[in-house]
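In the working numbering, the protein residues as written are 23 to 165.
Worth flagging that the hints you see were computed from the coordinates, not collected in a lab. One should not assume that every hint holds.
[Stated by the list, open to error] List of simulated lysine-lysine pairs, DSS-like, C-alpha gap at most 25 Å: (1) Lys130 x Lys162; (2) Lys28 x Lys94; (3) Lys141 x Lys73.
[As the list claims (entries may be wrong)] FRET-style restraints, in silico, Cβ to Cβ: (4) Ala40 x Phe90: 51 to 61 Å; (5) Lys141 x His81: 45 to 55 Å; (6) Ala157 x Ser137: 12 to 22 Å; (7) Asn136 x Glu104: 34 to 44 Å; (8) Asn136 x Phe115: 21 to 31 Å; (9) Asp39 x Ile106: 36 to 46 Å; (10) Glu163 x Glu72: 26 to 36 Å.
By construction, the Cβ of each residue, glycine as well, lies at the ideal position given by its N, Cα and C atoms.
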Amino acid sequence: MPIDSKDKKIIEALRSDARASVKGLSKKTGIRPSTVHQRIQRLVKNKTIEKFTIKADSHALEESFIVFMLVKGSTSDYIGNEIIQNAHVREIFGITGEYDLLLKLKFKDVEEFNSFILKFRKNRKNIQSTLTMVATANLKEEL
């Protein structure tokens, strides 16, 4: 079943506060509480809503050193469980253009990043090249 404007209102309200009560979501969206509850249940069941999550303070978690890495090479050779499950790897995108992948990585500091990149490059011989960009400011981040 496709989502409609009421579903979108509920999803947007949940994006800003995933802990909001049904009553709070009802007030924020102007949709009856029983309708909000039923729609959330349906959106979860049909996997439109995959999970409810939090946004944590990167500085408090000591992971404020954010790196974006472009990777060129054979994707099947270096995207395995070791990379997918690595705590530093937050997002992986297949992309078009000169590079094959874009990785978003988070670290405590440059030393922790250096340790990661040395292991990453050493264990993956089929990587042709990487381009690393360090984020200097986080202007907007959504979950």
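Violated constraints from the hint list, given by number and in increasing order: 2, 3, 4, 5, 7, 9 and 10
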